[in-house]
Each structure stands twice: as structure tokens, then as C-alpha cells.
Amino acid sequence: MTPVTPKEKYTILVVEDDVGLQYLIKSKLENENYEILTAVSGADAIEQIKKQDIFLMLLDYKLADITGKELLQKLNEENIEIPFIFMTGFGDERIAVEIMKLGAKEYLVKTGEFLNQIAVVVKRVVKEIENDGKLKRMQKELESLNNMKSHFLNMISQEIRSPLTGISGAIHLLRNQEFSSTIKGLLETLQNSVYRLDDFANKTILSTQLSSGKYDLNITEINAKELIQYCYLELTNEVLEKHIEIVENIDSELYLKGDRDLLYKAFLYLIENAVSNSNEGAKVEITFEKIEDITRVTIIDYGDVVIDDPEDFILNPFQFSGKDSMSNFGLSLFLINQIIEMHHGKISIKNVENAGMYVELIFSFNNLLSMSNE
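Using the working numbering, read the sequence shown as starting at 1 and increasing by one per residue.
It is worth saying that the hints were derived from the structure and are not from the lab.
Beta carbons are placed, not taken as given, at the ideal position from N, Cα and C, and that holds for glycine.
Capping the alpha-carbon separation at 25 Å, the derived lysine-lysine pairs in DSS-like fashion look like this:
1. K9 - K51
2. K290 - K257
3. K105 - K123
4. K346 - K225
5. K225 - K257
6. K242 - K350
7. K265 - K350
8. K62 - K50
9. K123 - K9
Label pairs and their calculated CB-CB ranges:
10. Q73 - R137: 26 to 34 Å
11. E78 - E128: 19 to 27 Å
12. M138 - E78: 25 to 33 Å
13. E128 - Y23: 20 to 28 Å
14. E113 - Q73: 24 to 32 Å
15. T182 - E141: 50 to 58 Å
16. A119 - Q52: 19 to 27 Å
17. G112 - R137: 36 to 44 Å
18. V120 - V352: 51 to 59 Å
Please take these sequences and the hints and turn them into a complete structure.
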């Protein structure tokens with residue numbers, strides 16, 4: 001269905017077997033600046049629909065050869081979609097309700113006010129169709145822009161990764177040479193920058209894969225305690241360097257169901273951020289609590305990081321908090337949220353007085369279990 005320019009007219013097909021009433025409807029709508037075509041039978045209507053670009057159809061229930069419902073079924077069988085207004089005789093309201101369930105925009109009962117109502121109803125429905133068309137076009141444009149953004153980020157990330165591998169190898173060779181402490185310090189700084197860029201590239205690539213639906217979930221049963229302990233092992237150096245105490249409350253028999261690799265990344269990034277935010281010698285508390293079919297996970301750190309708008313921080317992958325340790329967390333949190341949503345969970349973040357950042361995850365076992373059948 002193509003939108004018209006101001007100088008053009010919308011084409012409306014009136015399918016009515018009463019020729020006299022058909023003429024009155026045609027005259028009424030032509031006065032409203034519509035292009036009107038007419039048909040007295042289902043076969044006639046189908047023939048005109050295939051030849052013309054019909055914007056709206058006014059459809060009578062009782063036609064010369066078939067019913068209005070049968071005409072709709074024939075159009076559906078041929079994958080032809082046309083917005084329509086259903087017209088019914090007095091006392092056929094039950095049929096009208098049935099037709100409305102088939103997608104009618106509106107229905108009119110042929111009473112004494114029928115001809116006075118028809119122009120008003122058609123005008124309202126035309127406006128509704130115009131708005132629906134605008135919304136669909138906007139959605140397509142947004143989808144196109146989102147695809148372009150994902151492609152761009154993926155391309156940039158891939159381009160970043162290639163030279164980083166060579167730079168990292170060169171730095172490794174140089175660090176084995178005899179240099180002054182100043183040069184060694186610069187090499188250490190350069191290596192850290194390479195790690196951060198590589199981390200950014202990897203997270204961006206994964207995020208674009210998840211956004212595009214190109215990541216196939218591998219659903220397995222996962223022991224929650226073991227999963228978190230693997231995260232500890234990955235973060236051993238960071239934890240020991242800051243003398244962080246990890247306080248966990250996780251039942252050894254508690255299992256999640258989901259993609260192990262993705263859930264590992266989500267919890268690793270959350271715990272890594274909690275350790276990074278924590279003051280030296282502070283603690284990080286991790287709790288898994290099962291309540292009927294719900295699993296509630298909380299991660300609390302004790303640092304001085306404050307996020308002004310936690311909800312916006314979750315949705316904006318390139319949000320920055322002002323503290324250097326948080327400079328890459330915006331992307332991490334955006335990725336975490338993608339992973340949690342793919343597992344039918346929810347994440348919320350808030351700042352806690354006399355503590356630091358409080359992260360809460362809610363999972364439904366029923367939802368997680370259903371994923372294995374998707």
C-alpha cells in the first residue's frame with residue numbers, strides 16, 4: 001500500500017451487491033475526494049484488487065456469489081492484505097463481531113444514519129492507516145540504522161583486533177629486553193592499553209552478535225557455586241592486589257539453566273567491576289537465593305563509585321561514570337543486560353548508602369527451563 005501525495009487520491013473499493021446503495025456510498029465518498037471503485041460480487045472484487053492498488057475496502061457481508069468472510073479467506077489464501085471496513089445489515093451485529101476478529105478496522109450497521117456516518121468513519125480509518133504506515137516506515141528505518149550501527153561497530157572492532165595482536169607480541173618481546181625502569185613502565189602502560197582495547201573489541205563483537213540474533217544459545221545445567229568460583233580464579237590477581245574479601249552465600253546444590261559461556265561472562269564482568277570499585281581491604285558480597293521458582297542474585301561492593309542514573313547506564317553502552325575503573329563498564333553492563341535478557345532475567349542497579357553499588361539479578365527457573373525447548 002503506497003502513500004499518496006497531496007494531489008493524488010486514495011483508492012477505495014466498495015464491495016456491495018445492492019447497486020442503489022452502492023451508488024449512494026460512491027457519491028458520498030467521491031465528495032470527500034476519494035477515488036471510488038465498485039464491485040457487486042466476490043469474484044469482481046478479487047479481479048479489481050489484483051489490478052489496482054487498493055488503499056481501503058468497504059465490504060458487505062452478503063454478496064451475490066459468496067459472503068464477505070469467504071472473500072477475506074480467499075484474499076488471505078493468496079497473501080493479499082487490504083485494510084477493510086465491514087458493512088452489515090441491522091441485526092447482524094454478531095457476524096460483525098466475528099469479522100472484527102479477522103482484522104476489520106471498523107464496522108457499520110446499515111441503519112438510517114448509515115450514509116451520514118460512512119464519511120466520518122472512512123476518514124477516521126484512513127487517518128489510522130496513514131499513521132500505521134508512518135510507524136512501519138519509521139520502524140524499518142530504525143531497523144536499518146541499527147543494522148548499520150551493528151555492522152559499523154563489528155567492522156571497527158575487527159579492525160582494532162588485528163593490529164592489537166601484532167602490537168601485543170612486539171611489547172612482549174621488548175619487555176624481555178634490558179631497559180631502564182622508565183621504559184619498562186611505559187611498556188607496562190602500553191600493554192595495559194592494548195588489553196583494554198582488545199577487551200573493548202571482543203565485547204563489542206559479542207554485543208553485535210547478540211543484537212543481530214546470530215548467537216545460538218547452548219543450554220546446559222550449570223552449578224552456580226562452581227560458576228562463581230571460576231570467576232574468582234580469573235580475578236585472583238585483582239583480588240589479591242587490593243586485599244578484597246569475597247563473601248559468598250551460594251548453595252552448592254543450586255543450578256541454573258542457560259548458556260554457560262554467556263552466563264560466565266556476565267558474572268565475571270559484574271564481579272570484576274565490584275572488585276574494581278571496592279576500596280582496598282573491603283569486601284564483595286555475592287548471594288544466590290532461591291525462592292520457589294525464582295533465583296535472586298545480589299552483588300554488593302563497598303567502594304565510593306556513584307552512578308547518577310543506573311537505569312540509563314544499563315541501556316547506554318558508551319556511558320561513562322567519571323572514575324577510570326568505570327570507563328569500560330558501560331559497554332560491559334550493556335552486554336550483561338543483553339545476556340540476562342536472553343535468559344529471561346532482569347537486572348537492576350542502585351547506589352547504597354554506607355556501601356557502594358548494589359546489583360540485583362532475577363531469574364525464573366520456569367523461563368530458563370523452557371529455553372531448552374526453544
